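Chains as they are written, first to last, in UniProt numbering: chain L, 1 to 601; chain Z, 1 to 259.
Hints are all accurate, no fakes.
Result set (EDC-like, lysine to aspartate or glutamate): computed pairs, CA atoms no more than 20 Å apart in a straight line:
no.: 1; chain 1: L; residue 1: K592; chain 2: Z; residue 2: E109
no.: 2; chain 1: Z; residue 1: K140; chain 2: L; residue 2: D371
no.: 3; chain 1: L; residue 1: K531; chain 2: L; residue 2: E521
no.: 4; chain 1: L; residue 1: K592; chain 2: Z; residue 2: D152
no.: 5; chain 1: L; residue 1: K592; chain 2: Z; residue 2: E117
No lab work stands behind these hints: they were computed from the structure. Predicted, not measured: the structure shown is a model, and the values here were computed from it.
One-letter residues, chain by chain:
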Amino acid sequence: ERGGNNSFTHEALTLKYKLDNQFELVFVVGFQKILTLTYVDKLIDDVHKEFRDKYRNEFQQKGTLGLLNGTFDFRDDFMRLLREAEESSKVRAPTVMKTFEQSLKSQKTVKCMIETRGEKPKEKVKNKKNKGPKKEGAEAAPAAGKASTGDKQPAAAGEKEELTKDEILQKNREEFFKRHMKAGEKSRSPKPEAQKEKGKKPRVWDLGNSNAKVLDYSNSATNGSAETAPVEEFDPDLALGDRNREPGRLYDLEYESDEEAEEEKVIQNPSKPSTKKGGLGGMFGMLKGLVGSKSLTREDMDPVLEKMKDHLIAKNVAAEIAVQLCESVAKKLEGKVMGTFTTVTSTVKQALQEALVQILQPQRRVDVLRDVMDAQRHRRPYVVTFCGVNGVGKSTNLAKISFWLIENGFSVLIAACDTFRAGAVEQLRTHTRRLNALHPPESHGGRTMVQLYEKGYGKDAAGIAMEAISYARNQGFDVVLVDTAGRMQDNAPLMTALAKLIAVNAPDLVLFVGEALVGNEAVDQLVKFNKALADHSMAQTPRLIDGIVLTKFDTIDDKVGAAISMTYITSKPIVFVGTGQTYCDLRSLNAKAVVAALMKA
Amino acid sequence: AMAGGLEPHLEALRRELRVQDPALLSVLLALLAIAVTFLIWRLVQGRRSSRRAVLLLGLCDAGKTLLFARLLTGRYRDTQTSITDSSAVYRASKDKSANVTLIDLPGHESLRLQFLERFKAAARAIVFVVDSVAFQREVKDVAEFLYQVLVDSTVLKNAPALLIACNKQDVTMAKSAKLIQQQLEKELNTLRVTRSAAPTSLDSPGTGGPAQLGKKGKDFDFSQLPMKVEFVECSARGSKGEEGDADFEGLEKWLAKIA
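With the rest of the complex left out, here is chain L:
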């Protein structure tokens, strides 16, 4: 489903691939990452064409058996194509650098390059914008002209010409300016910076020195009296303008519709015949597309893909992911031969549906109960950590999951590592009390199924987690659920703290809790969380997010795109789905239902 980009890097090798969808072939070329070979794309295209033409018969007629039995002796052809590609990349002669004599620098006198500091405070080149006043531009031009010859200009601080030579130099400068405008833009910025450094002069406003007293009208006794205001000449004709107006009436806005309407008509007319032609051709094209075998081209698919992309974005899939998905579907379908009675729309929809289902079923399923049983056998507790941004429902879903675990007969220790939020510990204490009331120790052979391990507020979360785990091991608890404080993904110190907690305690499962309402933010959150976990871990293989809990699913009816965004970014499965605020509102993801809701119009 990530077919959009066609290159892949692994250790020292880069792989580039090309799909042939008509015959279902994949062409892969691998080369060392450090070499930047410019002929790779051309080579792969040539190989593709040659191979396809040479073995076209085998593919078309004999099918699978042909592929298995046929000998594809392509080695000689491949070596020839490789040689051709290598040679073609060497054809262009490298650009020769200009010699010093050819450069402009040699044509200047030494004197004009001397930098005289301390003069010209007026040249306050204040910004790096191209549209500076002409004088500044002219000043910069000689510097630009020199920079364009490629030397690093030590005198880039600018020219300080004597005022006496102004006229002649201005003319020269203007000439240079016009010629070297483009090259000079880049080197402009070091110059104004250097000028700015030299002694900041305070800005002098024209009226600034006047006293505040004069501008203060508040205490004048003359407020409202007619004496202070000077008598102006008042011309009623000028003020009223139109003599013929009726007093009191508000006129409509008049506009000259005639000329504009003509223009519109003229513009429309040329477009109409083209649409008519297009219409007729389009109808035949549609019929042709329905019957018989037509291979898909990019132009056919583009309008459909645009619509699908907008549809996905309307369903709350992150924008960049929708774009990448459509790209990958396009790559997968390009050149494919459609069967009879299938339209482009239906083929694209089908392919998109398959890609979405594939995304939602990544890697191996996380089976919590199975893993807990394993840990039970080894006599150690199974540690689950919940992380996420503020307010997504970590504590609520932690309570739901502990209820589910208790129902299945496992004892749970809740570690209150949220030492920041007011009431976090009390919230977990209430949950513990409720769960124990629902599942009293008598019905489970005398042991308390849920216990809370807390150390109050303000302490170090990683330390509390470590103590909780060793407490669980001593007391024989099966599962430890660690609740952490919500944090924004941009908050570096908090992300470091989270990474430290996870790296030090090595939990069995790291769950990212995300709400289904999130839109494009999901991408940013997950990327930054994963990055933080990877950066701050000392181990060779850092612990990343292992699974996703999607919460508040009941608040979205069918705008379920957040599920796609999250699984696409991390390639990890959605382990639980939270659909409400009671203990029973815990579900597992049904990929087909979600995709059906997504594709529904």
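With chain L's structure known, arrange chain Z on it following the hints.
For chain Z alone, coordinates are given in the frame of chain L:
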């Protein structure tokens, strides 16, 4: 006398038809044509969906594609991880015209369920290929996939014959079929408890959940399944290396029995 008796009847029929309104006649003919077309279409449908396929399933690197190539051509080929299905007609035994379509499905986690969905209805038999060398390590994944195949509603309904082919027996560290069977039974026993206890999925029909595998109360056994299950050892590469033949007579015999 018979012919004589028939003639006046035919004449009467013809006269009757001619008397009738020709429009009615054309309508009747049209209806007849539609009915015939419908019957033909149903027949074609039936033929297409009849179960003539043998699916090759298994984890990645179990050896499905090599088995597929060996069965069809007898020669060894270097294979890559499959990303799409391959199918071809396999002649099971020389005398009968017993043809089955062998379908080799990819084993990758993100693709396997999709392809299973597509082909499960046409499956007459399933060959589940297991890598006997890596089995100790992968037992949980093998069991999980096998469980997903077995609780599928279509598979339960059709009950295709199941053969578990313990591949890669040419390597010395390979586990025997007996051991694999025991381990799988134990693992599936645990799995059916944990899977049925998993939270119900969204939009699922409230009650039920995944089907129960085997009999409740008793430990899981392959004999409790509605389909015939057999275990066989084989080696796609063959003990004599790439030049020699593969040893899979057990597999071939089973295929001949199925076809």
